[in-house]
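**Student:** So the chains spell out like this:
There are 2 protein chains.
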Amino acid sequence: MNIGMLGTGMVGQAIGSRLVELGHNVMMGSRSAANENARAWVRSRGQLASHGTFAEAAAFGEILFNCTAGRGSLSALEFPRRSDLNGKILVDLANPLDFSRGMPPTLTVCNVDSLGEQIQRAHPLLRVVKALNTVNVELMAHPELLHGPHDAFICGNDLEAKAEATRILNEWFGWKSVIDLGDISNSRGLEMALPLWISLQKKLGTNIFNFKIVK
Amino acid sequence: MNIGMLGTGMVGQAIGSRLVELGHNVMMGSRSAANENARAWVRSRGQLASHGTFAEAAAFGEILFNCTAGRGSLSALEFPRRSDLNGKILVDLANPLDFSRGMPPTLTVCNVDSLGEQIQRAHPLLRVVKALNTVNVELMAHPELLHGPHDAFICGNDLEAKAEATRILNEWFGWKSVIDLGDISNSRGLEMALPLWISLQKKLGTNIFNFKIVK
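Same order as they appear, the protein sequences are chains A and B. Each number in my numbering corresponds to the 1-based position in the first sequence with 658 added. Each number in my numbering corresponds to the 1-based position in the second sequence with 658 added.
Incorrect hints may have been included.
When chains are identical, the list treats them as one kind, so a pair holds in a single copy or across two.
Dumping the calculated DSS-like pairs for lysine-lysine here, alpha-carbon to alpha-carbon at most 27 Å [said to hold, decoys possible]:
(1) Lys870 / Lys834
(2) Lys746 / Lys834
(3) Lys746 / Lys861
(4) Lys873 / Lys746
(5) Lys861 / Lys873
(6) Lys746 / Lys870
Keep in mind that the hints were calculated from the coordinates and are not lab data. Model, not experiment: these values are computed from the prediction.
Based on the provided sequences and hints, a complete structural model is requested.
**Tutor:** Spelled out as structure tokens, the structure:
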């Protein structure tokens with residue numbers, strides 16, 4: 659499958675690398691096609707990997723992954739043509755972290771809105787599925803790094819898109835448990851979990867942990 | 659031990675009832691000593707249970723539990739004399755839920771501040787320990803309702819107060835795992851977990867669930 663990645667940071671590289679391993683054609687998109695992260699990643703990943711602008715990656719992908727920093731997600735999504743977004747699934751991995759106040763980061767949007775909702779409102783025909791924003795990049799495509807069961811969370815308005823995202827998480831990334839929380843407004847809860855995640859990271863001294871829902 | 663409860667709702671009744679079962683003297687405090695919830699609770703719980711005003715309950719308790727609705731916590735804590743609060747442990751179970759926008763509730767404070775921090779700032783000599791706000795009232799004093807391990811979270815500035823709160827959670831309420839997240843600023847993460855909790859409640863169709871941290 660042809661897959662478009664928006665963002666060239668750690669999340670884009672981790673997800674993109676896993677997708678190339680699985681035999682998919684992956685184009686990593688950035689603000690400038692000359693992006694050094696993207697060029698280095700392409701050199702290291704062989705013929706299935708390519709890079710381009712946000713617009714080119716969106717045009718290329720049958721499915722898109724939002725791997726931009728949350729504060730840049732809305733502006734990144736302004737570059738593609740509407741016709742290259744409409745009808746496509748966007749798996750939104752981003753968190754709206756605001757580092758301008760220092761550490762720990764706060765959120766640029768929360769409580770009465772969320773980045774997932776903002777993206778969906780800005781692009782009503784894009785099929786946004788919030789996913790995996792509550793785990794660190796190392797775990798996103800390698801949940802087997804943790805022993806014992808633990809949960810991935812998704813939400814979104816489009817049932818078919820969520821079914822496809824669940825299949826990707828299950829079959830491509832290896833997630834055994836994917837909990838669909840409902841419509842895209844549940845992005846609020848998923849993004850607002852970040853401060854607790856950051857508290858836990860500090861306490862546990864590792865990024866490699868996750869939530870398991872016990873009932 | 660003499661224990662003062664602030665608040666007469668479900669949380670106050672559940673915690674107060676467990677403390678009476680354990681043989682403690684519990685005074686349930688409310689805005690008015692004529693509070694019907696408190697009177698009914700006292701009638702059903704026998705000689706160890708009593709009720710009074712917020713000021714009387716704070717004066718009575720060697721340890722205090724904040725079981726008020728979060729939007730009323732700061733005003734409830736204005737009634738006691740400072741000398742009846744200073745030096746005491748306040749186990750803060752409250753969430754700053756705002757139902758004024760309809761369901762699901764939002765938070766009255768979040769992101770750059772939290773109710774736990776507000777209480778601690780308003781009463782610098784009160785030893786605030788945020789605890790158990792991420793589980794439903796039924797689980798607070800009965801974690802054994804869930805099978806398999808799951809976690810309680812606490813935070814606060816005073817190490818001795820957190821050690822005592824941990825002992826109470828372990829020995830009185832039966833929590834096997836209590837994770838201390840650090841200083842009271844970690845209340846932000848604990849309170850901001852509520853929207854995810856609410857999404858999960860809707861999805862799972864039950865209040866009886868909790869988070870387990872897998873690492």
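**Student:** For each hint given before, does the structure comply? Return the numbers of the non-compliant ones in rising order.
**Tutor:** 4, 6
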